[in-house]
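Chains E and C, in that order, give the protein sequences.
For the first sequence, position 272 (counting from the first letter as 1) is numbered 271 according to numbering that gives the first Met the number 0, and the numbering increases by one without interruption.
For the second sequence, position 108 (counting from the first letter as 1) is numbered 107 according to numbering that gives the first Met the number 0, and the numbering increases by one without interruption.
Don't read these hints as lab results, they were simulated from the structure.
Just so we're clear, the structure is a prediction, and the values are computed from it rather than from any experiment.
Some hints could be false.
To be verified - Here are some of the chain C residues that sit facing chain E, going by a computed Cβ distance under 7 Å:
#1 Gln5
#2 Gly8
#3 Arg34
#4 Thr208
#5 His210
Don't be surprised by glycine CBs; every beta carbon is placed ideally from N, CA and C.
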Amino acid sequence: MSWVSDYEYTFLQRQTLRVLRICRHIPHHVAFVMDGNRRFAKSKDIDKIEGHSRGFEKLADCLNWCLEIGIREVTTFAFSIENFKRSTDEVEGLFNLAREKFSKLLEESDRLNEHGIRIRVIGSIELLPQDLQKLIATAMLRTERNDKLFLNIAFSYTSRDEITQAVETVLNHERHLEEIGDNEDRLLSQDINERLLEECLYTRHSSPPDLVFRTSGETRLSDFLMWQLSSSVLYFTNVLWPQITIWNFFASIFVYQRASCRLEAFRGKERIRSAKLAKISDFYSSRVQTFLQKLDIFRRKELIKLASN
Amino acid sequence: MELLYQLLGRLLFLLVRIYELLWLLHLRLHALVCRSYDYWRSKAARERCERAILEQCNAELTKRPQHLVIVVSPEDRTVDVPLLERIFSYACIVNIYHISVYDTRERGSGYVDLEEVCERMGEERSLVWRPHQIKEQRTKPNSSSKNSNMLPKGEANGCKHSAQFHELQVNQISAADGHALIAEVCRELYDNRGTPLVRSLLDKREELTNHISTQLAKRLGLTVPEPELGIIFARQTCTYGLLPWHVRFTEFHTHVSGSYFGVKTFANVLYKYSRCEQRWGK
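Here chain E stands alone, though its shape is the one from the complex:
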């Protein structure tokens, strides 16, 4: 199964897609919590891993829908750090599925390049088996020049861990500077604010999600992008992830389009507040910007190291 499916649209689906695309704003960034794979497997009396596999097939359909409607960034919650609590068999099964899918991705990287899809894995990948780390790092590096659709896969991720990682990055930066013999460009205490922390998250180069789509009837966020979704429209549906159809997807886009008009004032205020904060805290000073550039370089080096292991 490919990462982007060859979904065949019916006439009605194609027309609905056009109507939605022409009339209102399409969300730039959609985040999916793909919940319900195991419940689906149980209901169909199939193996749990087969349920996860069907879930992946649906993700491939979903990516096709997103590309077609004009969504530019998709984030999916594939594996939480909390999921390590599951049985060893299931965790190992999930890792095998990930190995299979990332290997497939590397095989079909030409196709991804053709669609312009960039893969970014967000999370503590150091917690994963080494071979999987290598596959992930290679996939990220191989697609890093693409810019039509960004696919962020939250793997070994929780939001709390991400925020802690951001705090850790700030606290550790002096040590990193010392290691490379750089005694300049140290952050000052007043440089540290929510604007800086936001730039230290895994999603540093992403805009916040406009729409968060969660399946299976749960109405919680399960520690997913908690920092980023403060002005996102949350859409909860009862359908299990492997059972979602394009009509569920259209419904979420429609709900977003209706809700985004009402949220615009709040979002505007947030943008102004963030811009003011950046201004008063010297966010655009060379000191802070150099720190962020060094962070990018450091993260890329880490990826290269993992890919070449």
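Chain E is already provided as a structure; the job is to place chain C on it using the hints.
Then chain C, alone, in the frame of chain E:
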């Protein structure tokens, strides 16, 4: 062809808008009828009825939240002091002890300052809300100081009680308690980066996470678990930046602004919460 799609789209949105307006009108009318009925009944009769519903609910719930959070969206115009007090009194009956209120409205646009209805306890950040039964008991000259915060099982307001009244710990949350507070903790850690404590925290991420949790709880004055249930008063579901560190497992329920929030609505939210299963990653 493009024009046709645009026309179709506009027609679709117009129809949905008309439907939404009619639905909103229906909700408002329903709210008006319910409020009129509440007004027509005596306060004691209403409270008796509410208590009966909530006691039945309490008996049937398999789990109840210890900490409830209320989010009021910037466009909401229906959440006011009486409604919040009503929710507080419902919470007391079903043994919820902590409520946080995050009112995103500005002063003058409906923002409710909880200090108007709650008492501040010394220097602490959290406030205390007391049901009127406790307030009345306190004003009685012979009331025992030992039982000043709890009423015994018995009769008050003309109705039998199977549960005791208790105080409610209330926290008023603001936008500054979200991302900015985490940044403040980070800044403090950065200022003390040379100390053995911070150095040891950097050895293990879990330790750092726990430290951040402790520091945030201290600043927020939260001695309670993270909110398990959230009620959002809005036309759409959005957290509006509510405590990103704390609401990761909160079950959200959106109550459409403008519709009536009564005891049955509250009980239904609790039933829904009671039915949902938290898997904690397993």
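A quick look at each hint next to the structure:
no.	hint	in the structure
1	Gln5	holds, 5 Å
2	Gly8	holds, 3 Å
3	Arg34	violated, 25 Å
4	Thr208	holds, 5 Å
5	His210	violated, 9 Å
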